[in-house]
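**Q** Between the sequences and the hints, there should be enough to build the whole structure, so can you do that?
Sequence lines, in order, name chains A and B. Each residue of the first sequence is one higher than the one before, starting from 1 at the first, in my numbering. Each residue of the second sequence is one higher than the one before, starting from 1 at the first, in my numbering.
Note that these hints are calculated values from the structure, not bench results. One or more hints might be untrue.
With beta-carbon atoms standing in for the labels, derived distance ranges [as the list claims (entries may be wrong)]:
#1 B:L288 <-> A:F50: 43 to 53 Å
#2 B:L47 <-> A:N40: 47 to 57 Å
#3 A:V98 <-> B:P101: 39 to 49 Å
#4 A:L220 <-> B:V45: 47 to 57 Å
#5 B:I197 <-> A:L275: 32 to 42 Å
#6 B:V45 <-> A:P17: 42 to 52 Å
Every residue gets a Cβ at the ideal spot worked out from N, C-alpha and C, and that includes glycine.
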Amino acid sequence: MRKGVRNWGPPLLLVSPTILILGIFVYGLIAANIQVSTTNRHSLAPESEFVGLENYLALLGEDRFLHSLFNLVMFTVVFIAGTMLFGFIWAWMLDKGVSAEGVFRSVFLFPMAISFVASGVVWRWLLNSAEGDRASGLNRIFESLGLGFLQNAWWNEPIWGMAAIAMPAIWQLSGYVMALFLAGFRGVPQELREAARMDGASEWKLYRFVVFPQLSPIALSALIIVSHMSLKVFDLIMSVTGSIYQTEVPATYLWVTLTSNDYAKSATIATILLLLASLFIIPYLIQTWRSEKANR
Amino acid sequence: MTVTEEAPPVSRPRADPAPRTPKPARRFTIGRTLKYVLLIVFVFVVLIPVYVLIVTSFKPPADVTASTSWGLPVRWPWESVAPGGPTGFDNWTGAWAALAPSIGRTFLLAIPAALISSFVGAMNGFVLSRWRFPHADIVFTFILFGMFIPYQAIMTPLVQMKTSLGLPSDISTLLMVHVIYGLPICTLIFRNYYVSIPMELMEASRMDGAGMLRTFASIVLPLSLPGFVVTIIWQFTNAWNDFLFAMFLSDTSGGPVSLALNNLAQGAQLANYGTAMAGALIASLPTLLVYIILGKYFIGGLMSGSVK
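**A** The following block contains the structure:
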């Protein structure tokens, strides 16, 4: 390869505005966020001093924050289980050659195109907590099907409430996981399937021993992506319940603290969220980077 | 919906679509019937919220009672319950009146945000794949990282920055933010796109001593349309549906449609759910149309954000 500034100068110059802007707005702001989180800037007053990890210790010892973390965990577990389950089942059914496959795929995937704010409008109605004669939404369906015992207060339930909040998220993102899995199914070489059939494998064995094992990288990606989305959940909760204590997660708690100008606290919550997200981002980036190198 | 034709990236046609091994007729019947029944049940379940949205949006407030909440409207949308009372159509006109100004603003936000990020992303993708420089991979990872951070991680200083610079609480601030945070994914999509298409012409032009910008403008850009369609759709949808930045950086008088819709819906009691639901349908229409018409590119963007 030819070397020298003449060769690598222009491309570096072309990408440098992006490097600069992202340097400021991603890396610079993350640094600023961490800096604010180590001060006692709890109001609009500009004076503040360094307090070290005090905010972190206070937050991690605070019932309200722990409650929001518990909510987040509950939401995440149900959300992941639901999207992975439906995504996988749909992809599997569609993989086995279905006529009008495109129609099914489009229907399963379309909720992705809608905002959480818009779908929140209808889910707030579906998850209406009134029961009996006053029941509407899903409770009314249960009532009229004679399944009245299934009626519940949905997100108003004290412990399981967040599982109800995960339902709209599952509705919205299962199609996405389906698309990921479908790409995985289609990536299994046809020869491999044919070979297994030649060997007399039944349809079930073909999937169990030939196709499914090939899907584990996809399942891992899907898991990482969905968990990462789950950490950030904000729109959905704001539109279904508003920012209330019962359904509070760190992202909505941050909204409450930031809008009341408690900058130090909101920055502390943000740093914790970033650390949680890093658990997913960093392995993903390393993996991407490695496969890049391998491909070159 | 027309996402069916022309196999989106998700469903690259299998190697041999036609002659699959014939199966015994019996299994064919039972197994397949069961599968179709199950699939159709799933379709109905997925469409329940859509049914509720449409049906409720055409009911006058007095007809949205708990006992009739799942039923079809009992009167035509231009008829009212009591003479002179509100009709089903009033939901729609009310929602439109509440959302129209913000819908205009959201177009002014989402279209430029999509175009600018896409263009810069195309240039970045080009130099990170086809006109490389030492350590381009490190630069790429540096850029990519911005795509994965939870935006909450930068929200506090961003809000502080907005306050101290006196930036307005309207779509101009949001435009800047969407352009900036759209750069990583647009760069990623274009980089992967340029890697995937053969570019002998570009190599030839480079050998002939053509400059980088000239090569980009005269050879690479004309080949980039599919990449642009994917990034523009992606960015447009994201900016249109965004609620997080809208909440933190704008207000209802100058913000996008998501904020106006939330305002309309949060005020809704059971009585005027119809207006909120009509509003949700109106606000979703642009992105839904994009999905229906350009579905395969929509999916293309979706996938590039994940399994590259």
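**Q** Each hint: holds or not?
**A** Now for the hints, and whether the structure bears them out:
1. B:L288 <-> A:F50: 43 to 53 Å: 50 Å, holds
2. B:L47 <-> A:N40: 47 to 57 Å: 52 Å, holds
3. A:V98 <-> B:P101: 39 to 49 Å: Distance hint for V98 of chain A, P101 of chain B holds at roughly 45 Å.
4. A:L220 <-> B:V45: 47 to 57 Å: Since the Cβ atoms of L220 of chain A and V45 of chain B sit about 28 Å apart, the hinted range of 47 to 57 Å is violated.
5. B:I197 <-> A:L275: 32 to 42 Å: 39 Å, holds
6. B:V45 <-> A:P17: 42 to 52 Å: 47 Å, holds
The structure fails to meet hint 4 from the earlier list, while all remaining hints are met.
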